[in-house]
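Engineer: These are the residues of each chain, in order.
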Amino acid sequence: MRDLKRTATAALGTAALATLAACGGGGGSASVGDDESSPTASGESKESKQGAVNLGAVLPLTGASATIGEDQRRGIDLAVEQINENGGVLGKDLNVVVEDSQGAAASALDAARKLVSVDNAPVVIGEYSSGNTVPLGQFLQRQGIVHINPGSSSPEIADIGDMSFSTIGLDTIAGQFTADAVYERGYETAAFLVPNNSYGEGVLKTFKQQYEEIGGEITSEILYTEGQSDYRSELQRLAEGDPAVFVYSAYGQESAIINKQAFEMGLSDKPWFGIYLSMTTSDSDQATVEGQIGMDVNYIGPDGQSYEEAYKEEYGEDFASTFSGYTYDAVMLAAESIEMAGSAEPEEVAKAMAEVGKDFSGATGEISLDEDGQRTDQPYAVLEYQGGDLVPAP
Amino acid sequence: MFQVLIDSAVRASELSLVAIGLSLTWGVAKFANIAHVQYAPLGAYLALLFVNMFALGLVVGAIMGILATGLIGVLLYRAFFRRLVRASSATALIGSLAISIVITAGIQTAAGPSPRPLPLPILPGIAFGGAIITRTQLIVIAIATTVIIMFFAGLMLTKVGRSIRCVMANADLAEASGIDTARIKTHVFFVSGGMAALGGVLLAMDTTVSLEMGTVLLLPVVAAVIMGGVGSPLGSVAAAAILAVVENLILDIDFGSLLGGETTYVPLNYSAAIGFVALILVMLLKPQGIFGFGGRRA
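If you read the protein sequences in the order shown, they are chains A and B.
Each residue of the first sequence is one higher than the one before, counting from 1 in our numbering.
Each residue of the second sequence is one higher than the one before, counting from 1 in our numbering.
Calculated directly from the structure, the hints in this document are not laboratory data.
Among the hints, erroneous ones may be present.
[Unchecked claim] Computed list of chain B residues with no C-beta within reach of chain A, every gap over 12 Å:
| hint | residue |
| --- | --- |
| 1 | V51 |
| 2 | N52 |
| 3 | V74 |
| 4 | L75 |
| 5 | M156 |
[To be verified] One side only, chain A facing chain B, incomplete, derived with CB under 8 Å:
| hint | residue |
| --- | --- |
| 6 | G63 |
| 7 | A64 |
| 8 | Q102 |
| 9 | E184 |
| 10 | R185 |
| 11 | E226 |
| 12 | G227 |
| 13 | S233 |
| 14 | Q253 |
| 15 | I257 |
| 16 | F263 |
| 17 | M265 |
| 18 | G266 |
| 19 | D285 |
| 20 | T288 |
| 21 | E290 |
Using N, Cα and C, we set each Cβ at its ideal position, and we do this for glycine too.
Whenever a hint applies, use it, and build me the whole structure from the sequences.
Structural biologist: This is how it looks when you write it as C-alpha cells:
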C-alpha cells in the first residue's frame with residue numbers, strides 16, 4: 001500500500017505541475033468561452049458586412065482594462081458613424097469588426113487571426129496594453145496587414161515594422177515628461193511601481209534616465225506581476241526606502257487593488273503620482289485615490305471640439321477615459337488612407353498612410369508620423385483627482 | 001517582524017481551510033481532488049452572486065455561497081468522482097483536473113475574467129509595533145481559527161467525527177462494523193467543500209476574488225497536504241502554518257546585508273516557488289509526510 005501511495009503522491013505532484021503550466025499565462029489564458037459569448041455592450045455588429053469596407057479592432061472589452069476598452073470602442077463607433085454619414089469610403093459603407101482581447105496576449109492574437117482570415121480586414125486597430133499590442137502588431141506585420149496602435153506606449157512598438165502605425169505618443173516622451181513633472185513638484189526621491197511587461201519596462205527606463213539626470217533618486221523599482229489579487233508584498237517593498245513620492249502605473253482593476261491596499265496600509269498619506277492617471281484611477285474606490293496627481297495624454301486637440309460634442313451627445317456623459325479620441329483618430333486615419341490609396345489592399349493602404357500621416361489633423365491634435373510610423377509630438381497634461389473627476393493640477 | 005507574523009497568520013488561515021478538506025477527502029475517498037482548490041473561488045463568486053442578485057448582506061450571501069459549494073462538492077463526488085475512483089485513484093485525479101478546468105471556465109463565462117472585490121468598506125489599517133493589520137484581516141483570523149477549532153472538536157469528540165476517522169483508517173473494516181461509509185463520505189465532501197469555500201470567501205474579503213484564485217492556491221495547498229501527511233487534517237494545518245511563515249519570512253530577510261553586501265531581497269515573484277521547493281523536498285525525502293501520520297493508514 002505504501003508504494004501505491006507513493007505513486008499517487010507522485011502523480012498528484014505531476015498533475016499540479018501540469019495545471020500550473022497550463023495556467024502559467026496568467027490573465028485570461030484560461031479562455032474557453034468563444035467570441036460569440038462575450039458581451040457586447042453597445043450592440044455593435046461583430047460580423048463583417050457584405051458590400052462594406054470591413055476593418056478590424058482588437059480591444060480589451062473584458063479583463064482588468066475593460067473600462068478603457070469599452071471607451072476605446074466608443075471612439076470607433078463615433079468615427080464609423082461620422083464617416084458613413086459623409087458617404088463612407090470608396091463609395092461603400094465603413095464597418096469595424098470589434099473583437100475582445102480579454103486583456104491577454106493569447107486571446108488578442110486569436111482575435112487578430114479571426115479578423116485577418118475570416119473578415120479579411122486590411123487594417124486592424126489595437127490594443128491598449130503594450131504587452132498585448134506588441135505581439136499583435138508583430139503578428140499583423142508578418143501577415144502583411146496594417147496595424148494601428150491607438151493606446152499603447154511602449155517604445156518597442158516603433159520596431160514592429162513598416163505596416164505598424166501609432167496615433168498615440170510612445171513612452172520615450174512620456175517617461176521624460178513624468179520625470180520632469182515629478183521633480184518640478186519638489187519630489188527628489190521616488191519609489192516606482194509598474195507592471196512587469198513591455199509597457200512597464202519601457203516607462204521605467206525612460207523615467208529613470210531622465211529623473212536621475214536632473215538629480216532625482218529612485219528608492220525602489222518594483223515590476224509587479226499582472227493579474228494578482230494581492231499586492232501587499234509589493235507595496236511593503238515600495239515603502240521601504242521612505243520615498244517622497246510614489247510614482248506608479250497600473251491597469252484599471254489591478255490599480256484598484258493597489259490603491260485599496262496602499263490606503264489600508266497608510267501609504268496614501270504620502271503623495272502618489274499616476275502615469276496615465278485616468279487609467280490608474282478609473283476603477284479605484286474614490287476615497288483611496290482622492291488627491292492623487294498624475295500625467296495623462298491631453299486628449300482633445302484644437303480641432304477636437306466637434307468630437308467632444310458628438311461623444312457627449314451620444315453617451316450623455318463626459319469622456320470616460322482619455323483614450324477614445326485615439327481610436328477615433330485611428331479609424332479616421334485609416335479611412336482617409338484607404339480613400340487616398342483608392343483600394344483596400346493592405347500594401348497600398350500602408351503606403352498611403354505613411355503619406356496621410358505626415359500631416360493629419362485629428363481629434364487629439366496634430367498627428368505627424370515619423371519614418372517608423374509613430375506619432376512624434378504628444379501633448380500631455382498634469383492632472384489631479386478630485387471628488388471623482390480629473391482636473392488640471394495646480 | 002510583527003508584520004511577518006500577521007501576514008503569516010492570515011495566509012495560514014486561508015491555506016488551512018482549503019488544505020483540511022483536501023486532506024480529508026483524500027483520506028476518505030482515496031484520491032486527490034484537484035478540483036478541491038477551485039471550491040475556494042467558486043464559493044467566493046457564489047457569495048458575490050447571492051449578494052448582488054438578492055441584495056443580501058455579505059454575511060448571509062457568504063453563508064449561502066458556502067452551503068451551495070458544499071452541495072456542489074457532494075454532487076460532484078456522488079455523480080462523478082465515485083465512479084472514477086472505482087477504476088483507479090489516478091483516473092479520479094485526472095477527472096478532477098478536468099472538473100477543475102470546467103469550473104474555471106464556468107466562472108469565466110458567468111463572471112468574466114476580472115478580479116472583483118467583495119462589498120466591504122475600505123478602512124485604514126490598524127498600526128501597532130510598526131506593523132499594519134486591517135480589520136478584515138482580524139476578522140479573517142478570528143473566523144478561520146474558530147471554524148478550525150470547531151472542526152477538530154467535531155472530528156475528535158463527536159460520533160460522526162469518530163466514524164470519519166474510522167473510514168479514513170480502513171473503509172472496509174468500518175463498513176463491516178456497521179458504519180454507513182457512503183453517508184460518512186457525503187458528510188466529508190460537504191464539510192470539505194464548505195470549508196474550502198469559506199477559505200475562498202475570507203481570501204476574497206482580504207484581497208479580491210479572481211479566476212486565478214484556485215490555480216494559485218493549488219501548489220501551496222497540495223504542498224501543505226503532502227507535507228502534513230495525506231489523510232491527516234491536523235498535519236496539513238501545521239504544514240500550512242509552516243509554509244505561510246517561510247513564504248513571508250524569506251521575503252523579509254535582507255540576504256545582502258546578512259552576507260555583508262548591499263541590500264538584496266529575494267525577488268517577490270519567487271515567493272510562489274517556496275511551496276514548490278517544499279513539495280519537491282517532501283516528495284523526495286519523506287513522501288508519507290513530515291508529520292508521519294500517513295504511515296498509520298493501511
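Engineer: All hints are to be evaluated individually against the structure, with a verdict given for each.
Structural biologist: For each hint, the structure was consulted:
1. Every CB of chain A is more than 12 Å from the CB of V51 of chain B (nearest about 17 Å), matching its label as outside the interface.
2. Every beta carbon of chain A lies more than 12 Å from that of N52 of chain B, the smallest distance being close to 16 Å; the non-interface claim holds.
3. Remark: the non-interface label on V74 of chain B is consistent with the geometry, its nearest Cβ contact in chain A lying 22 Å away (cut-off 12 Å).
4. Interface exclusion of L75 of chain B from chain A stands, the closest Cβ pair being 21 Å apart, more than 12 Å.
5. The claim that M156 of chain B is not at the interface with chain A holds, since no C-beta of that chain comes within 12 Å of its own (minimum 24 Å).
6. Checking G63 of chain A against chain B: minimum C-beta separation of about 5 Å stays under 8 Å; hint holds.
7. For A64 of chain A, the shortest C-beta to C-beta distance to chain B is roughly 6 Å, which falls under 8 Å, so the interface hint holds.
8. Using the Cβ-Cβ criterion of 8 Å, the hint placing Q102 of chain A at the interface with chain B is satisfied: the shortest such distance is roughly 6 Å.
9. A least Cβ separation of about 29 Å between E184 of chain A and chain B goes past the 8 Å threshold, and the interface hint is therefore violated.
10. With a cut of 8 Å, the hint placing R185 of chain A at the interface with chain B is violated, because the nearest CB-to-CB distance is about 25 Å.
11. For E226 of chain A, the interface hint is violated, the least distance from its beta-carbon to any beta-carbon of chain B being 10 Å, above 8 Å.
12. Here the hint on G227 of chain A is kept, as its CB sits about 6 Å from the closest CB of chain B, short of 8 Å.
13. With its C-beta approaching chain B no nearer than about 5 Å, S233 of chain A sits inside the 8 Å limit, and its interface hint holds.
14. Hint on Q253 of chain A holds. Least Cβ distance to chain B is approximately 5 Å, under the 8 Å limit.
15. Interface hint at I257 of chain A: satisfied, since its Cβ lies 6 Å from the closest Cβ of chain B, which is below the 8 Å cut-off.
16. A cut of 8 Å between beta carbons decides the hint on F263 of chain A: the least distance to chain B is about 6 Å, and the hint holds.
17. For M265 of chain A, the interface hint holds, since its Cβ comes within 8 Å of a Cβ in chain B; the closest pair sits about 5 Å apart.
18. Annotation: G266 of chain A was flagged as interfacial toward chain B, and the flag holds, the nearest CB pair being 6 Å apart, inside 8 Å.
19. Among the interface hints, the one on D285 of chain A holds; its C-beta lies about 5 Å from the nearest C-beta in chain B, closer than the 8 Å criterion.
20. Residue-level restraint check for T288 of chain A holds (minimum Cβ-Cβ distance to chain B is 6 Å; threshold 8 Å).
21. The restraint placing E290 of chain A at the interface with chain B is violated, with a minimum CB-CB distance near 12 Å, outside the 8 Å limit.
Going through the hint list in order, the structure does not satisfy hints 9, 10, 11, 21.
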